[in-house]
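**Student:** The hints should help you fit chain Y onto chain H, whose structure is shown.
Heads up: the protein sequence lines correspond to chains H and Y, in order. Per the numbering used here, the very first residue in the first sequence carries number 117; after that it's consecutive. Per the numbering used here, the very first residue in the second sequence carries number 571; after that it's consecutive.
Source of the hints: derived by calculation from the structure; they are not laboratory data. Note that this is a predicted model, so its numbers are computed, not measured. Fair warning: there could be bad hints in the mix.
In silico lysine-lysine, PhoX-like type, Cα no more than 20 angstroms apart, as pairs [as the list claims (entries may be wrong)]:
hint, chain 1, residue 1, chain 2, residue 2
1, H, K256, H, K190
2, H, K317, H, K150
3, H, K317, Y, K851
4, H, K256, Y, K618
5, H, K129, H, K140
6, H, K190, H, K150
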Amino acid sequence: MSGDTLLTVRGLKTHFPTPAGTIKAVDGVDLMLKRGQILGLVGESGSGKSITGFSLLGLVDPPGRIVEGTLDFKGEDLRAASPDRLRALRGDRIAMIFQDPMMTLNPVLRIGTQMVETVLAHRKVSRAEARARSVEVLAKVGIPHPEERIDAYPHEFSGGMRQRVAIAIALLHEPDLIIADEPTTALDVTIQSQILAQVQKLAAEMGMGLIWISHDLGVVAALADEIAVMYAGRIVERGTVDEVLDSPRHPYTQGLIASTPMANDRGRPLRQIPGSAPPPLGRPEGCPFRPRCPRATETCLVDPPETLVAENRGWRCFHPLEGTP
Amino acid sequence: MIEMIRVEGVTKLFRREPDLAERLAIRAGLAKPPATVHALDGVDLTVKRGEVVGLVGESGCGKSTLGRVVAGMLPPTAGRVLNQGRDIATLRGAEARGARLATQIIFQDPMSSLNPRKRVAEIIGEAPRVHGLVPAAEVPARVAGLMARVGLDPSFAGRYPHQFSGGQRQRIGIARALAVNPEFLVCDESIAALDVSIQAQVINLFMELRRELGLTLLFISHDLSVVRHISDRVVIMYLGRVVEEAPADAVFAAPNHPYTQALLEEIPRLDRRRRAFSTVKGEIPSPVNPPPGCHFHPRCPFAMEVCTRVRPALAEIVPAHRSACHLNDPEARMSPRLGSAQQEQLQRQGTP
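Chain H with its partners taken away, still in its complex shape (with noise of 0.2 angstroms):
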């Protein structure tokens, strides 16, 4: 293993056990990061995305518990890390983006005191330089006149600048690893342009691994070095992002391609996946694409293990397509 992998997951499986039975939101995920990497993460709702992102921060709430696996963060087993531990990681070498940036602001604090906070609970430092470094942070993200703006309730700030400050609330520690879960789903395309554009000088500048996770092809290839495509609690497919859009070898990766308009003749019927995802409790046996699957045979009612023909680049699949050399 080369000298900056920053993150290896394997195998892992987080499960709810419910009345109704065994929720297995992820099933079985393999992941690699490299530093200065992005990695994006790309499922439909109920793939088991988001719940990956929570477990390698420690984050997944009882019932639900990490199962199976192994997850090494620079040569830590997070598995086996110490409550105490993952507090200290959380927020310093590893920090998270959420969805809705009023989920994670404290709406009656203003977003300074809020921001200090974070840098003294992870840095023995002065108020005052606490507070220099949060207006640096909200310079680096583009908030206009952060001396200012840093005085301000998250209510004040429109929902492109409340994202842009929960990315500099993730950013107060350079960490090693950021997660971000669908972060600019529910921005406008224009304000996402300018959040993934910072997102990705960032990224680069500053050399930190992201894990991208969004339901958006679109973005991910904008975005992205890497693609994992998750499917009913498994990565099916992963690859860069070259590779996985232009040569898929899973028919889930291929017909979600297909079926995206810009793939398509303008007025003619799309090509579309036919059947919906299996719901969480009635996944069926086997591979759980076989039953919206055309190259489904009797052999998919085993578990398809990974074809790994790189160190990163592998998919589920008995019957893979051919792929474009």
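**Tutor:** Same frame as chain H, but now just chain Y:
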């Protein structure tokens, strides 16, 4: 082609009426009068019979308000809406009811637009029964036919909305709209809440319905790539005004308005990899206090002095292609360009 809908100079303001105490406080100078939201500002729009018109814009641009005004759900503050040549505000009785039934609207979130306590059979069958479109005995057959038409299993008619997936729920909403034999459908972000693999299915359903039932569609969306796929003509809105209007191909091949150009530049696309985003500056100003002149001038890379004062008219630049930009007017082009410092100042004023 015959005109289905004509919107003429429609303006819609939203203002909260102050109560007695507030009115007294305002009169005594102790409170400010409530703010007015300028949702629509002099909008013209025509939709021809059998046409699919895509209405595109970002939040606060007034696209949903326009959809509701067109559907007769909201009265315009000024201007009028003609349905097949007749002002819908002047229709009375059976005629008014007929016009309302002929125009149906499909909303974004099927969970909040379907009654959770009613079975699908009642949701779809209620309107045709109440309006006497089919005899009571034939309602179940009608419901079954509609369900099959939108790709739902008719044996699920006894189920409740929560027992369906998001995509199926949207199909229920579509079946309910079709139940009264409408001629014109307003689709307000009808696919925005759906998963990617389900979106394609519902878009295909809309295209099928249009072809088979000869429907006219006003397709409202923030997603330009979807609108391009489904529409014959595209209308782009910004802060309550139409900024550009053209056949779908022309908008994408030769966008004229700087806002349209920026929007096209920003759509996430699979073939744009690792790209450096070149972005429009600034935020969308608040519709409570829209900037004077051209609403886009604080963010426009080509803004001139005239843009800060004069509203550009929506003028034809080539046949069937209209755009509201001073750059198309040789005389206005003589106006001096705005400096970047000046523009930053303007952006600050408009920030909500």
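**Student:** Go through the numbered hints given earlier and state which of them the structure violates, listing their numbers in rising order.
**Tutor:** 1 and 4
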